[in-house]
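Asks: Spelled out, the chains give:
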Amino acid sequence: MSRRRKAPTVKEDVTCNLIPMVDIMFLLLLFFLLGADMSQREQADLVLPTASEIKEADKNKTEERTTTVNIQHRQDSAAFSCPVNAQGGFCREADHWVIVIRGRDVPRAELKNQLKAEADENLEPDIDPAAGVRLSAQKVTIRADKAAPYGDVNKVIETCSAVGIYKVEVGAAVPAPGS
Amino acid sequence: MAGVSVGESEENPVNINVTPLVDIIFCLCVFFMISFKFKQLEGKFDSWLPKGKGATGSVQIEGLLDEVRVAMFWDEARQVTVRQLRNRRIETDQELSQLIKEAHDDWVRMNKPDTPVTIDAEARVPWNDVIKVMNLCKQNHIDKIEFALGAPPPVAGQ
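Taken in sequence, the protein lines are chains E and L. For the first sequence, the tail end lands on 181 under the working numbering, and the numbers increase by one without skipping. For the second sequence, the tail end lands on 184 under the working numbering, and the numbers increase by one without skipping.
The hints are simulated quantities; they were obtained by calculation from the structure and are not laboratory data. Take these hints with a grain of salt, some might be off.
[What the hints assert, rightly or not] The list that follows gives simulated cross-link-like pairs (lysine to aspartate or glutamate, EDC-like), each with its CA atoms no further than 20 angstroms apart: (1) Lys57(E) - Glu68(L); (2) Lys169(E) - Glu172(L); (3) Lys148(E) - Asp101(L); (4) Lys63(L) - Asp47(E); (5) Lys170(L) - Glu160(E); (6) Lys70(L) - Glu160(E); (7) Lys148(E) - Asp146(L); (8) Lys141(E) - Glu58(E); (9) Lys148(E) - Glu148(L); (10) Lys70(L) - Glu66(E); (11) Lys70(L) - Glu58(E); (12) Lys127(L) - Glu55(E); (13) Lys157(E) - Glu148(L); (14) Lys169(E) - Asp169(L); (15) Lys157(E) - Asp146(L); (16) Lys169(E) - Asp72(L); (17) Lys169(E) - Glu68(L); (18) Lys164(L) - Glu58(E).
Build the full structure now, drawing on both the sequences and the hints.
Replies: Okay, here's the thing in structure tokens:
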């Protein structure tokens, strides 16, 4: 009896096991989802000055009502460009710097009204004996770009004082380790 | 033999097509990877404005001399900030830190430990240089830092 081998079939069933890939992709997705910082839209994307003695924000502390005032350079666009700022220099043009509150550019002439409105939303319950008026319990955080002119920061501080906001803090970045 | 399952398809009769799931997860992954940015750690320097001065804008004249005043000017030609303490120009951070400490210690010896360091900067001075001086004060354990209003005194030697 002759033994005849069966001819190999051409049809091969190559199945790719996708389950480990799905597992890893789920993990990656979870990592990026948790790492994404979508909560702080109030904070503009700017380069803060660094300070080693800065007090890191305490996340466990109960949050006081805070208004963040950002002082940043105008973004380059088709209609506007600033070569000094683009090259990392110190742009000293007053109209190139904008004050941004809650994502909206606030003209300097309107700053007092805007901060007054913020201050009036959260007044202290009692009249302050030193000031003779009800001051605001609102806290203002000033986040100014490292190249921002000090005059703009000073203006915000001065305006806060004028509208009865006395809790003011200035933001800075924690230096990177080893720098 | 009838009734014995041999092939894979008979062991797992329900096939789930995971390809669309992979596609969607992949898209989401790409979206989050592109928008991902390491957040820089931020902190704050607390400051409390004087409660009684804001509304009236009055200045406490009698206290003007009890202070350590750091004057800062913007040198447009050199694109640097010139710092001055007690009519002396200061070049390095180390020197400024030393002088601030000495000046503050003088006030402490005179029983005035609450004497502030007043930063009197020109409007064009970059904020980074002001923060640097604040940081030097904090390094020397000086917590009372004030900002002066108005233009600083003239630069020494000009």
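Asks: When you check the alpha-carbon spacing of lysine 70(L) and glutamate 58(E), does it fall within 20 angstroms?
Replies: holds (6 angstroms)
Asks: Assess, step by step, whether the Cα of lysine 157(E) is no farther than 20 angstroms from the Cα of aspartate 146(L), and give holds or violated.
Replies: Status holds; Cα separation ~14 angstroms.
Asks: CA of lysine 70(L) to CA of glutamate 66(E), is that 20 angstroms or under?
Replies: With a Cα-Cα distance of about 14 angstroms, the restraint between lysine 70(L) and glutamate 66(E) holds, given a limit of 20 angstroms.
Asks: With the threshold set at 20 angstroms, check whether the alpha-carbon distance from lysine 70(L) to glutamate 160(E) stays at or below it.
Replies: Answer holds: lysine 70(L) to glutamate 160(E) is near 19 angstroms, not above 20 angstroms.
Asks: Compare the distance between the alpha carbons of lysine 148(E) and aspartate 101(L) with 20 angstroms, and conclude whether the hinted pair is satisfied.
Replies: holds (17 angstroms)
Asks: Is it true that the CA of lysine 169(E) sits at most 20 angstroms from the CA of glutamate 172(L)?
Replies: The given pair, whose Cα atoms are some 14 angstroms apart, holds under the 20 angstroms limit.
Asks: Between the alpha carbons of lysine 57(E) and glutamate 68(L), is the straight-line distance 20 angstroms or under?
Replies: holds (9 angstroms)
Asks: Assess, step by step, whether the Cα of lysine 148(E) is no farther than 20 angstroms from the Cα of glutamate 148(L), and give holds or violated.
Replies: Holds. Lysine 148(E) to glutamate 148(L) sits at ~15 angstroms (cutoff 20 angstroms).
Asks: Tell me if the straight-line CA distance from lysine 141(E) to glutamate 58(E) falls inside 20 angstroms.
Replies: It holds: about 16 angstroms lies between the C-alpha atoms, which stays within 20 angstroms.
Asks: Are lysine 169(E) and aspartate 72(L) close enough, with their CA atoms no more than 20 angstroms apart?
Replies: Distance of about 8 angstroms is within 20 angstroms: holds.
Asks: Check whether the Cα positions of lysine 169(E) and glutamate 68(L) lie no farther apart than 20 angstroms.
Replies: OK: lysine 169(E) and glutamate 68(L) at ~18 angstroms, within 20 angstroms.
Asks: Checking one constraint from the list: CA of lysine 63(L) to CA of aspartate 47(E), max 20 angstroms. Satisfied?
Replies: Status holds; Cα separation ~11 angstroms.
Going down the numbered hints, you'll see the structure goes against none, and every one checks out.
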